[in-house]
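*Asks:* Protein sequences appear in the order of chains A and C.
Residues 25 to 574, numbered by the numbering used here, are exactly what the first sequence covers, in order.
Residues 2 to 342, numbered by the numbering used here, are exactly what the second sequence covers, in order.
Calculated directly from the structure, the hints in this document are not laboratory data.
Hints are supplied without guarantee of correctness; some may be wrong.
Partner residues aside, some chain A positions facing chain C, computed with beta carbon under 7 Å [what the hints assert, rightly or not]: (1) G80; (2) V172; (3) G175; (4) P290; (5) G302; (6) D303; (7) G379; (8) K452; (9) R459; (10) T460.
Here are the simulated lysine to any residue pairs, SDA-like style, with alpha carbons at most 20 Å apart [to be verified]: (11) K466/A / P35/C; (12) K452/A / S166/C; (13) K452/A / E298/C; (14) K282/A / E49/C; (15) K452/A / L34/C; (16) K313/A / I153/C; (17) K183/A / E49/C; (18) K452/A / P35/C; (19) K313/A / Y157/C; (20) K466/A / E49/C; (21) K452/A / I297/C.
Among the chain C residues that face chain A by a calculated CB cut under 7 Å, a handful are [as the list claims (entries may be wrong)]: (22) D37; (23) V55; (24) L85; (25) I156; (26) F175.
Note that the Cβ used here is the ideal one computed from N, Cα and C, for glycine as well.
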Amino acid sequence: MTKIKTDSPTGNPQMTQLSRRKFLTTSGVAIGAGMLPFLKAMPAQAANGVVVAVMGQTINSLDIHRSGTNRPSYQVAVNVYDRLVTFGTKTLPDGGISYDYSVIEPEIAESWEITPTEMIFKLRPDGKFHDGTPITAADVKWSFDRAVTLGGFPGVQMKAGSLESPDQFEAVDDLTFKIKLIRPSKLTLPDLAVPVAIVINSKVAAANATADDPWATEYLHTTPAGSGAFKVARWNPGEQLVYDVNADYTSGPVPAVKRVILREVPSSATRRALLERGDVQLSFDMPNKDALELAGMDGLEIQTTPVENAIYCLCPNLAFEPFKDKRVRQAIAYSVPYAEIFQASAYGRGEPMWGGTEASPSTIAWPQKFPYDTDLDKAKALLVEAGYGDGFEVPLSIDLSQSDWMEPAALLIQENLAKIGITATIDKIPGANWRTASLVEKRLPLALETFGGWLNYPCYYFFWAYQDGHLFNSSNYRNDEVEALTDENLHMEVDNPEYAPKITRMIEIVWDEVPRIALWQPALNVGMNGVTDLEYWFHRQLDARNLKEV
Amino acid sequence: MAGRGKTIALRVAQSIPVVIGVIIVSFLLTRALPGDPAVYFAGDAADEASIQQVREALGLDKSWPVQFALYVGDLLRGDLGVSLTTGQPVLAELSRRLPASLELTLTALILSCAVAVPLGVMAATRPGSWRDHLCRVVVTAGVSLPTFFTSILLIYIFYYFLGVSPSPLGRLDFMFLEPDRITGFYLIDSALVGDWETFVATANQLILPAVTLALFTMAPIARMTRAAMLQALSSDYVRTARAAGLTTRKVLYGYAFRNALLPVVTTLGMVFSFTLGANVLVEKVFAWPGIGSYAIEALVASDYAAVQGFVLAMALLFVALNLVIDISYSLIDPRIGFDAK
């Protein structure tokens, strides 16, 4: 039945006349030609293995290594490509499915062996790319060389796992791949399971590379060459992406759904109407308000998962005078109306990060509740003690492209700051400027911030958000003890007896000095109508491999 | 006729300085946009070094004159560059999105004229009557409803509540494939190859967004028609025509309406240009892959190539539009010749 070649998703010249119309019913999946009238009448297309998903953002490349590839595009790397290893799966307390950070499972690799200086992976002997050619260690080597050479985000992410140079990668034989380690690090193996560490069919890529473009970035930008559970059947940039199942998938079980049609619908009101009507089965980027209102509605399932290792914060900048004093920062932390913000900005979806009762944490869980709560008297007393009893003026900066939650939060913070004598003026910064101002130049005196780390370790969060000069440390915070402890912990194994006490100490320091005031842990909302078992991932994009019809 | 051809050629030649000006201004304006595209596109976790790599890859480390020279060189080769937000060549993207926007805008304007012009004529023939008030109420209601409100309301009633409209999922429902590209207008392309199923599907998808825009654009057209008709009807030649005993029909359509058409066409041109830019909200709500949402996304991300390409395309479009309007003047009113300009 297949009338569409999947090796070139962008154009339509490959399509034959027969498949031109009613793409969905006549091609790819085994659906009878007479199904079309029923499709219109039947709310759940899922019953025939076809899932329609909508999201608010746009996919701008099928190649995660390309510079400028945006976050929604990472899902192509997840669904269409494989990695050496992947994370396990667990069931959350609320019945949802999530990836399991603590378990690393085989994907392309069948087994592996780790020594202090090397990692040796044995590939599956039956591993096949979409074009049927075997997956070899040379493909892995080529792909990893590409990830560390092309620069930009993939290079940074590989580096987080101490994977920095092509010299580290060696194809020993067809099925044996070796990584020479710069240093033993607990981050290396999980870093091989993130979307960036994909394995590309290097023969196909090499055939389409040019002298100017040795890594075939132009070709792979529009034409994936992977081994993943899905193939890209069609990509209309700005409109839709269609995945067809890879029936010969070798790196895991073949998915239950046959085809996923992902449409880009910018308006959240439209996405909501489509989901409620049952014309789409999955809705991503669902605002908290819609999630709250739709939860519990008949036939709809709203999966709300707190985003791991992420906190929405208020960051006083230590480069500016009043905030150099710890007591001023603490005063602000005591003035924030946490509960109201959580309701107004997050509609109660997520995890509260305030009201902790201990000054020193008893667990190394991260994030956990900071030991602050709204207490204006305490805040005033601290300000007086710091010599700012008469208050001061400060701009409170927010990102216009995130104004849905930042604006209500900033207004509530402004109101309470006024009560302790601090005059905050709300400074709205356009989305294009935001990163430069808050993260790169770090020039905002008081701003809201949203960092979340992919690799789920407290020390990884500290590395990005509390170490001096690092990108997400928009507070310009520096504490020599935190610097040293983060460096020591970053690569240390979690079961090392020194690990937990050091993490405890780090948390204790940043709680006391509070350069980042935690507001709450955000949550990801996905609406489902007619499908179930969508797996939550730290990259927060659609992974259709586990999806099932109801 | 040869004279007319020559004048058209002259008019096109006159627009060349305009286009050159647009190229320079759009280049300078995009550079003046706030934000640093290199930082934006280096990704979430990029450090200084990788931002620098991206900056070099984009050619943004060079001076403005060098960047401009490269840009003009590319333009002369017909290369508008690659948009970073969408990852696609700007030319390909514009040639796909412009027809989408034009198809929507033109359908809306045809709908709008079909209602607004008769409404205006009707109001003008009996000023102060209930017909006149009806016209006023209808057009005021249309223009005072913001387009995003109208579109969400229409979706709610016709899609969500009544279920008579197809899913608001862009130009075609996911069950259909777009027709072979001939003009880029799905209605025309599907009609040309006789694919009526796709034609109907396209028309169904078009109805709600086109009605939304039509409601919004009716007011200026109807008001202008009414005013121009009133003026024409009170003029000497109409009085003479009436005195000569011509039928009401002949007076109304043969003399008054034809003379009233000039300002209406001028208004139509203006309405067309603002609609093309202002339908961003409608495009967003109906997931319409048009040019307005493309430009907005590009602006937000300081996506230089896309913004420049968009401005240039719009400039060329308006040069063409003005030319068409000027030619239509001389067709409507033979007294207006090209020589006069």
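*Asks:* Any hints from earlier that this structure breaks? Give me their numbers in increasing order, please.
*Replies:* Hint check: 1, 2, 5, 7, 8, 12 and 14 fail, others pass.
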